[in-house]
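Student: Since the structure of chain A is already known, use the hints to place chain B on it.
2 protein chains.
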Amino acid sequence: MLEAPSVTVSATLAADEALARRRDAGERVLSLASGEIGLPVLPALRERLAAAAGRNAYGPVAGSAALRTAAAGYWARRGLETDPGLVVCGPGSKPLLFALLLAIGGDVVVPVPSWVSYAAQARLAGARPVPVPVLPGQGGVPDPAALREAVARARAAGRDTRCVVVTLPDNPTGTIAAPATVRRLAEAARELDLVVISDEIYHDLVFDPADRPPSPAVFAPERTVVTTGLAKNLALGGWRAGVARLPEGPLGRGTHDRLVAVASQIWSSAAAPVQAAAAYAFEEPPEVVEHLAAGRRLHETVARAVAERFTAVGAELPPVRATCYLYPDFEPLREHLGRAHGVHDSGGLTTLLAERYGVGLLPGAAFGEPGRYLRVRAATGRLYGETEAERTGALSAADPLRLPWIRDSLNRFDEVLGALAR
Amino acid sequence: MLEAPSVTVSATLAADEALARRRDAGERVLSLASGEIGLPVLPALRERLAAAAGRNAYGPVAGSAALRTAAAGYWARRGLETDPGLVVCGPGSKPLLFALLLAIGGDVVVPVPSWVSYAAQARLAGARPVPVPVLPGQGGVPDPAALREAVARARAAGRDTRCVVVTLPDNPTGTIAAPATVRRLAEAARELDLVVISDEIYHDLVFDPADRPPSPAVFAPERTVVTTGLAKNLALGGWRAGVARLPEGPLGRGTHDRLVAVASQIWSSAAAPVQAAAAYAFEEPPEVVEHLAAGRRLHETVARAVAERFTAVGAELPPVRATCYLYPDFEPLREHLGRAHGVHDSGGLTTLLAERYGVGLLPGAAFGEPGRYLRVRAATGRLYGETEAERTGALSAADPLRLPWIRDSLNRFDEVLGALAR
Numbered sequence: 000m001l002e003a004p005s006v007t008v009s010a011t012l013a014a015d016e017a018l019a020r021r022r023d024a025g026e027r028v029l030s031l032a033s034g035e036i037g038l039p040v041l042p043a044l045r046e047r048l049a050a051a052a053g054r055n056a057y058g059p060v061a062g063s064a065a066l067r068t069a070a071a072g073y074w075a076r077r078g079l080e081t082d083p084g085l086v087v088c089g090p091g092s093k094p095l096l097f098a099l100l101l102a103i104g105g106d107v108v109v110p111v112p113s114w115v116s117y118a119a120q121a122r123l124a125g126a127r128p129v130p131v132p133v134l135p136g137q138g139g140v141p142d143p144a145a146l147r148e149a150v151a152r153a154r155a156a157g158r159d160t161r162c163v164v165v166t167l168p169d170n171p172t173g174t175i176a177a178p179a180t181v182r183r184l185a186e187a188a189r190e191l192d193l194v195v196i197s198d199e200i201y202h203d204l205v206f207d208p209a210d211r212p213p214s215p216a217v218f219a220p221e222r223t224v225v226t227t228g229l230a231k232n233l234a235l236g237g238w239r240a241g242v243a244r245l246p247e248g249p250l251g252r253g254t255h256d257r258l259v260a261v262a263s264q265i266w267s268s269a270a271a272p273v274q275a276a277a278a279y280a281f282e283e284p285p286e287v288v289e290h291l292a293a294g295r296r297l298h299e300t301v302a303r304a305v306a307e308r309f310t311a312v313g314a315e316l317p318p319v320r321a322t323c324y325l326y327p328d329f330e331p332l333r334e335h336l337g338r339a340h341g342v343h344d345s346g347g348l349t350t351l352l353a354e355r356y357g358v359g360l361l362p363g364a365a366f367g368e369p370g371r372y373l374r375v376r377a378a379t380g381r382l383y384g385e386t387e388a389e390r391t392g393a394l395s396a397a398d399p400l401r402l403p404w405i406r407d408s409l410n411r412f413d414e415v416l417g418a419l420a421r
Numbered sequence: 000m001l002e003a004p005s006v007t008v009s010a011t012l013a014a015d016e017a018l019a020r021r022r023d024a025g026e027r028v029l030s031l032a033s034g035e036i037g038l039p040v041l042p043a044l045r046e047r048l049a050a051a052a053g054r055n056a057y058g059p060v061a062g063s064a065a066l067r068t069a070a071a072g073y074w075a076r077r078g079l080e081t082d083p084g085l086v087v088c089g090p091g092s093k094p095l096l097f098a099l100l101l102a103i104g105g106d107v108v109v110p111v112p113s114w115v116s117y118a119a120q121a122r123l124a125g126a127r128p129v130p131v132p133v134l135p136g137q138g139g140v141p142d143p144a145a146l147r148e149a150v151a152r153a154r155a156a157g158r159d160t161r162c163v164v165v166t167l168p169d170n171p172t173g174t175i176a177a178p179a180t181v182r183r184l185a186e187a188a189r190e191l192d193l194v195v196i197s198d199e200i201y202h203d204l205v206f207d208p209a210d211r212p213p214s215p216a217v218f219a220p221e222r223t224v225v226t227t228g229l230a231k232n233l234a235l236g237g238w239r240a241g242v243a244r245l246p247e248g249p250l251g252r253g254t255h256d257r258l259v260a261v262a263s264q265i266w267s268s269a270a271a272p273v274q275a276a277a278a279y280a281f282e283e284p285p286e287v288v289e290h291l292a293a294g295r296r297l298h299e300t301v302a303r304a305v306a307e308r309f310t311a312v313g314a315e316l317p318p319v320r321a322t323c324y325l326y327p328d329f330e331p332l333r334e335h336l337g338r339a340h341g342v343h344d345s346g347g348l349t350t351l352l353a354e355r356y357g358v359g360l361l362p363g364a365a366f367g368e369p370g371r372y373l374r375v376r377a378a379t380g381r382l383y384g385e386t387e388a389e390r391t392g393a394l395s396a397a398d399p400l401r402l403p404w405i406r407d408s409l410n411r412f413d414e415v416l417g418a419l420a421r
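Chains as they are written, first to last, in numbering that gives the first Met the number 0: chain A, 0 to 421; chain B, 0 to 421.
Heads up, a few of these hints could be off.
To be verified - Restraint-style ranges between C-beta atoms, simulated for each label pair:
| id | chain 1 | residue 1 | chain 2 | residue 2 | range |
| --- | --- | --- | --- | --- | --- |
| 1 | A | A293 | B | R355 | 57 to 63 Å |
| 2 | A | P249 | B | E330 | 40 to 46 Å |
| 3 | B | P42 | A | G136 | 54 to 60 Å |
| 4 | A | T350 | B | A292 | 51 to 57 Å |
| 5 | B | A293 | A | R355 | 35 to 41 Å |
| 6 | B | D256 | A | E190 | 39 to 45 Å |
Hints listed in this document are in silico derivations from the structure and should not be mistaken for laboratory results.
Beta carbons: idealized from backbone N, C-alpha and C, even for Gly.
The following block holds chain A by itself, in its conformation from the complex:
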């Protein structure tokens, strides 16, 4: 037998599949683990995909001109003027992030906590993740002072650290780094000669427009790569479409060319019919904007309702401002959880909730945090209904919390948290 290279299945996808198996076996489950957004495809996007079903050419590796132009417009409307020639499309932002690590080379700084795949991708790319904690309540952006120290230490130890990943807004915490923190991160990256990979896939899921964070591309335009996709804002995870915006200038141009070369060797192009529909989505006609806004309102309403239930039993939680993620800390319940349930860490807590109550959450340990913490991630994306009709109803409901299937889930969650805290 060969020695097994070390790689584990994405924790979010694994949790999702495990819960689906229990549901298929007839068990009552409540899925708060998956990052999937259970909402219907906007009919206009379905139609665009169907109309493009005859497209079977590979097309340009970087994506069709229509899609790259549409994505450039999307960023321009958000204050980032963009050359379509510096846009690269891929089959999801996940493969783009991986290909960027290969294109840039060297080790990568990842925030702690952060999305499950950054560190795993770094290892697959032959690099080592350099973990740097975030500031309290400002997930997704490594503390700039700690970043300086960590990179100095890594370089002193002979490690070739070349980039830093940030998530704005953040997964798993659902929080948003302050503009000053983003600016300081960008300044530190410039000083340390690091490329910034800014994962902005949740950009459109900030509840109050005043809270929208600036991109590091505003402060360090020459070295910031921005990525986004359609999985979260338009619930098109299964369509696999993402885009990256490379910086102007020699560093950006070189990174762009290597990214396209890597893409040509790993995936050739994103599915052509999907590219056609994605181009329409990034053009943001009114129906797309409305659909996105309806999803955002639904996330906000349900995430606030779930957050209230966490705080009602004594868990600590930052204010709910973006995404459909909550990252409660059960530290105040530590003594009780240990005594009543033999639970001493995040993995024990999520295992108990899954096995005794059929409630799927992800442990903070999956996001790179110390195992002893009692933080877990809850995602509301699967609470909106099981059927297309329920999900469509949730999107248009004046008060989604009064819909029976959402109310039942929340009541069940109340019961489970109550039993846990008693």
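Tutor: For chain B alone, coordinates are given in the frame of chain A:
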């Protein structure tokens, strides 16, 4: 500036894009470079994709149960009984091949010549390709005796060689290794404890059923991974759907699990609407079988016609038996090409043909062969028409060589080869 990691754009995709730019600029071009099959999507498949446009869930990393079951049936009908639980779907067989290299680890033996991406993928995966020549007229399968020597040498030098890639039938040569060679390769792999990655994407494009090569999975079932996809047999390159069949037993199960883990971190899943249509294609209902047979007949007719033109000017060519690729050797014209055109190697020959005549071919050097050879690869997939109507006409024509657009291309090719050889 960072040091640039070494990676170059896929030669086939680069040649294709370069020629497209010349065509868009109004130049007369004849594209024999791309591996893309310029044929229309079967209407039934378009309909299946359109009907699945509402599918937006990620679904299982390994692909939907329907697609895995259909792919298992596809292989069973070809003599390889297959457990759907050992099938993994990806966004093309290209990403599956790359993920397999990461899942297996170590260095990989690649045939010389071989498809442009095997060696490039190995380097991106942090491995080194171990080049082993094929036997004359039997492309795609490393000479088993030479394989033994090369692996022994590599291991003596401390290299951890773990797998060997074969292509059956072959790209770039269009040839088919003899069954005895496949058997000897499988035996050598077992003796050397190598995993065999058998790229069988051209399996359905063998012109005479009696010529269909056995898979190495017949001879070394415990260690052979088979990959295929829909890009070549059904001209669905731009849809991005491939499948891998992992072996039964502990080695296969371990490789399967690591492959799924890698897939979960790099791409999540293939596009869900594409998976739905791909499941239908792999079920092989009569309309799919007929469409595939029509494409195969067209490849055979046009490839034979192009082959005749190469031999007419004195290039050497193995018999035309499979795929839409020809791999002529201009060695007999070496003296003339040097004297009349200053051409001394395959790169010089393809540059001359592209720049003076607008004819796109790929040099043997792109496939890992020594640069001084005068071998080039010609692909007929782009000769079938520019429009959907022309391509549909080519598929159904009793004698496609009499269709004006194909006849004109062949006449132009005659002129160009004549000018080259004069």
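Student: Could you say whether the range 40 to 46 Å given as a hint is met by the Cβ separation of P249 of chain A and E330 of chain B?
Tutor: holds (43 Å)
Student: Has the hinted range 51 to 57 Å been met by the Cβ atoms of T350 of chain A and A292 of chain B?
Tutor: With a Cβ separation near 54 Å, T350 of chain A and A292 of chain B satisfy 51 to 57 Å, so the hint holds.
Student: Does 54 to 60 Å hold as the CB distance between P42 of chain B and G136 of chain A, or does it fail?
Tutor: holds (55 Å)
Student: If you check the beta carbons of A293 of chain A and R355 of chain B, does the distance land in 57 to 63 Å?
Tutor: This hint holds: roughly 59 Å between Cβ atoms.
Student: Verify the CB-CB distance for A293 of chain B and R355 of chain A against the hinted window 35 to 41 Å.
Tutor: Between A293 of chain B and R355 of chain A, where Cβ atoms are some 59 Å apart, the hint is violated.
Student: Taking 39 to 45 Å as the hint, is the beta-carbon distance of D256 of chain B and E190 of chain A inside that range?
Tutor: holds (43 Å)
In the structure shown, a violation is registered for the earlier hint numbered 5 alone.
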